Amino acid sequence: MSTQLLMPKATAVWLVDNTALSFDQIAEFCQLHVLEVKAIADGEAAQGIRGLNPISSGQLTRSEIARVEADANARLKISESKVRIPQTKRKGARYIPLSRRQDRPNGILWLVLNHPELKDVQIARLIGTTKSTIEQIRHRTHWNSNNLVPLDPVGLGLCSQIDLDFELQRAAKNLPLSVEGDQTLLPTSVTENVNFDKMEFEKTFEKNLDADTVFANLNALQKKISGGGIKIRRAVEARTKILDKLRERAILKSEMRRRSIEKEIPGDKQRENKRN
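Just remember that our numbering sits 1265 ahead of the position in the sequence shown, which is counted from 1.
Take these hints with a grain of salt, some might be off.
[Said to hold, decoys possible] Label-pair restraints from in silico Cβ distances:
no., residue 1, residue 2, range
1, Q1312, P1381, 26 to 34 angstroms
2, Q1312, S1287, 43 to 51 angstroms
3, Y1360, Q1296, 38 to 46 angstroms
4, A1337, D1307, 37 to 45 angstroms
5, E1400, N1439, 15 to 23 angstroms
Please keep in mind that the hints were generated in silico from the structure rather than gathered at the bench.
Here the structure is a predicted model, which is why all the values come from computation and not from measurement.
By construction, the Cβ of each residue, glycine as well, lies at the ideal position given by its N, Cα and C atoms.
Turn these sequences into a full structure, and let the hints guide you.
Next comes the structure, spelled out in structure tokens:
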């Protein structure tokens, strides 16, 4: 259970303003000096701090405050928290079984060759080795460097893929940004059309363009459009005629069915009367 007081100065401000406790009692409970509590009461310290009610936070009870107010020699006792606060565990060195320790140099060599951006500290954290061993393998001064083979440490079981990806992401943040090459505009000799003749450019504007030359093919285009329009109209008219005939047939069939039903109904009534 947590027995540590939260925000001791803010709690002291509230106790000074809302209780009749002595400075010694408040100082001992909040783990402050008596002179500091007096400065809070005089307004010389903790001027911008808002008081924290220890009753609402569950660290004190009203009965406890009343008990200590009645006795000058009594001391406040913090209430036990009902919430269990887990204590952070410090990560120790990664344990690797004895059967896999002989594969560590191969995993270190794989990381050095395939991920040169990783620092020695990160490799040591992943595989659980020392910096001296990593430097020896990197500079080929290891006693067994001739027999080492680069092998994936994840496949060897020396680390997990999640831990490796996490370390690679951290290493990528420290890498300098790649500077793109100097990109400039293309020279005019490439962009301009040198083969275009200025004389031809001037001739296109010197031509005397009349309305007849511009609209010479207009009549032919209109005839094509009108001819196509007539064909479309004929096709639409033929379809409408077919639909009208189908509607007439459907109406005739419905009329014939209605009449046949009307003829059958009186015969059925006569049969029922005979049975009765």
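Results for each hint:
Between Q1312 and P1381 the C-beta distance comes to about 55 angstroms, which lies outside the given range of 26 to 34 angstroms. Under the hint 43 to 51 angstroms, the C-beta atoms of Q1312 and S1287, about 22 angstroms apart, miss the expected range. Remark: the range hint 38 to 46 angstroms for Y1360 to Q1296 is upheld by a beta-carbon distance near 39 angstroms. Taken as a hint, the range 37 to 45 angstroms is violated for the pair A1337 and D1307, whose Cβ atoms sit roughly 21 angstroms apart.
The hinted window of 15 to 23 angstroms between E1400 and N1439 holds, with their beta carbons roughly 19 angstroms apart.
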